[in-house]
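Chains A and B, in that order, give the protein sequences.
For my numbering, count along the first sequence from 1 and bump the result up by 1379.
For my numbering, count along the second sequence from 1 and bump the result up by 10.
Worth flagging that the hints you see were computed from the coordinates, not collected in a lab.
Each hint should be verified, as a subset may be incorrect.
[Claimed, not checked] Interface residues of chain B toward chain A, partial, derived using beta-carbon atoms under 10 Å: (1) G85; (2) V153; (3) R156; (4) T271.
Yeah, the Cβ is synthetic: ideal placement off N, Cα and C, and Gly gets one too.
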Amino acid sequence: MACKIKTDPGVCRECQACTLICSLYHEGECNLNLARLQVIKDMARYEFQILVCQHCDAPECLAACPSEAIVLNEQGVAVILDDVCVRCGACAEACPYGVLFYDEAHDRYLKCDLCAGRAEGPLCVAICPVGALTLEEDKVMEEN
Amino acid sequence: MTGGWTGKILDIDLTTGQISWRDTQRYTHDYLGGRALASRIAWDEIPDSIDAFDPDNRIIVTTGPLTGTLAPTSGRTVMSSLSPRLYPKSWYTHSTLGGWFGAEMKYAGLDGIMIRGKSPRPVYVEIRDSNVRLIDASDLWGVDARKTQLVLKERLGARAQVLTIGPAGENLVRFATVQHAEDNAAGHSGFGAVWGSKKLKAIAVRGTNGVAVAHPERLMREVLELGTFRIAPFSGALYTSLYTKNKTTREHRPVCSQACTFNCQVGNYGKARDGRRIPGHCVGGIAWMTPGFMKATHYSGDGVEIPPARNFGLCEEAELHELCNSLGLDSWFRLVMQPWFIRCQQLGVYQIRGFPFDPNDVYWFEQFMRELAYRQGLGAIFADDLMRAMDELEGELPEELITLGRRLEFAFGFPAHREGRFWDEEPLPFWVISAMMYASETRDPTIGGHHSSLLLADFVLADREVSRRQFRILSEKVWGYPDALEPTFEHKAPVAIWSQHQHILIDSFPLCDFSFPRIIVPPESREEWLATEDLTGDLDIDLRLFAAVTGIELSRDEVNRIAERAFTLERLMLARAGRHRQMEEEWLRPHFMLPCRADGTRIDAAGFSRILDEYFTTRGWDLEYGWPQVETLRRLGLDDAIPALEQYRQDQSRLITTKLRLPVS
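Turn these sequences into a full structure, and let the hints steer you where they fit.
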C-alpha cells in the first residue's frame, strides 16, 4: 500500500471541493453522487462526516468480491474492474467503513482509487483548504 | 449547451397549484443567469404598479452557470422580488445568499424557480429531481427556520437543501429573511415577508444529478492555480494583516458557500451554552462575535448623535445570532435599532406606549427579537422597520429620536453601509463612489458592490501614501484614469459604474464578492503589501472559470454589456416604480452632507448635484429623471423596453413625491 488518506472531520466545513473535484476528475462533471468520497453534515449537531476509502492493508472489499472484480493496481490500490463487477454489493457490505458507494443512476459501485494515474497524488487532498484530508505516506514504502 | 446551465426554470402558481417548466436557454445569451437573468424575468412578468404583498408579485430564485461546480465560491443563489422593506413604497430588488441550496437546485436540473400567486393555506414546495409537489405546510407554520430545515431533512434526507422562512416571515415583518443552513439568508430585502404573504413556508430540494463541465481539465487547473486557503482578497486584508501587522490568521473558520476554498476572515464560530459550535458570517460572525466591533455604530457630527451599540459577550452573541436566524430576522436590524433605543435612554425615554425597554440588557433584547417576529408589544410597531415606526411614533417622541430613526435608514429604508458616515469608514473618494451607487440602485448597493472597489478604502486607512502610489497604477489599468481613486470628486463615475457591473456579473455567474473580482493581489501580510508596487490582480479569472465550465469564450466587453443590460433593466424597474433623480437627490443629499467620519470631508447641495450629473452623463442616462436614454436602450438591445420608458416619461403621476421628513434638508 503506497499511501492512505487521513481525515479530520473536526476541521471540515463542508465546502465539498473534494467531492466536486473527485467527480470532475473521474466523471468529467460536478456531481456529488459520482464522487468516490462523501462529506455529510449533521445539521442538528453541526458535525461533519467524511467517508473515504481507508485503503486497508488487507482490503475486506477485495476478499469479499465473488467475481474478482476488485484487484490491486500497480500502486497497490484496490480498484473495481467495472467490466467484471456483477453488482452484487458484497464489497460495500464487507467494507468496515461504508465507503464503497452504489451509483444508482449507472448501476455500479464507486471506490476511491487515489486518483490512479495522477502523479501529483489525489486531488481531494490537493484541494482541501483546511487539511481535513491529508495524505499519509506508508512508512515501509518510504524506507524502501 | 455543453456545460454550466442545467436547462430548466420551474414556474409555480400557488393560486392554482399549476406547475410548469420553461427553457433557460431563451435567456442565457443575453442574461447569463443569477441576478441578470432575474432582471429580465421580472421586467417581463411582474405587473406594473403592484405592491410587494400583491399575489401577482413574483419570487424569483436563480442560480448561474457556475453554481454547483468546482468554481470557487460559486455555490450561491439569488433571490429577486418586489421588496416590502423599501420606503416609501415597494420596488424590485434582489438579495443573494451563499450556502448549498443553489447547487442542489442545479443537481435537480433547475437553473431557476419562479413563484407567483398566493396559496389558500400554508404550503412548501418539494423538489425531488423532476418531481415537484406542493405540500401542505400547516404543521410547519409557526415552526422556526432551523427546526423547519431539520424536519424537512428528515423527510427528504440529510443531503436535501432547504430555503425557509421563520415566524418573522409568516408575520410579514418587513425585514424578514429567507433562511438556509445555519446562517445563510436572503436577508436585507425583506423577502421572507413576501413568502409569508404567499403562504409559502419553504422550498426543499434534493437533486441527484450533476452539472456538466465543458473543459474539466481546464477548470481543475484554474482552481488549483488559484490556490487553496489563500486569503479572500476583501476579507483578510480588511480585518487583520493591515491593521495588526500580523500575518492573517490561519485558524479554521466556517465557509458560507459550497465550493469556497478560500481563507475568508469574515466568518467565525461561536459557541452555544450547550457546547455546540455556531457558525456566523459577516454581520453575524464578525460584528456580533468580535468584542468591540459593535461600537463602530458610533457617530457624532452636525447634531446627529448615534451611540455605540453593545456587544453582549461571545456565548450570548452566538445564541442571539442563532435566534435571529431561527426567527428569520435580518441581523442588520440590530445595527440600527440597538443604537436607536440606547439613544432613547440617553434622552430620558425609557418606555414607548407603556412598553419599557432596555437595549443594554441581553434578556430584553432576546425578548424584543421574539416580539418583532410575532408582532407583539413593541415589536408590533418596529416590525414595519424603523422608517415606518418613525411615521407611527411621530409626535409621541422627541423630534431628535424621530429624525435619528429616519437618518439611520436614510437609503429608502435600508441601513447605512459603507457611505463614509454611520457604518464603516470610507474616506474621500470612496464615499463619493458609494453615493453614486446609492442614487442609482434598487437597494443598499454596497453589500456586494463595495467589495469591487469600496473596500480598497481600507488600504487608505492603513497607509495613505503607500495606497495612493499603488492606486495610481491600478486606476490607470482598470479605469483608464490614474486619479480615479485620488481624494477628489473627479473621475469617480467610471469606478462606480465598473463596480456596479462587476457586482451584477458576480451575482450572475455567480461568485462571492469577498473574493471576486480579483482587482488586487491579496496580500498575506502587511510587509508583503508595503513592498508591492503594482497591486493590480487577475481581473479575468471569472471569464476563464466561465469558459472552462460552459465552453463559451466571452470577452470582458461582452460580459460588461450583459451587466449593463441587466443594470439598465433594474433602473427601468425603478422608473416604473416612480423613482427619479430629484427624489433620489432630496433623500440622499442630507446624509452625504454630514461630515465623513474618516476624514471630515463633506459635500454641499451643489456638489452632490454635480457628482450625480457626472454619473448619469457617463451612464448615458438623462439628467432630469436619471433614466436611460432611448439610444442607450437601443445600444443594449433593449428596444422592446422603449415604449414603456416613453410612457413613464409622459406620466408625471407615477413619480414618487413623498419627501424625506427631516428638520433640515
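- prompt: Okay, which hints does this one fail, numbers in order?
  reply: Of the numbered hints given earlier, the structure breaks just one, which is hint 2.
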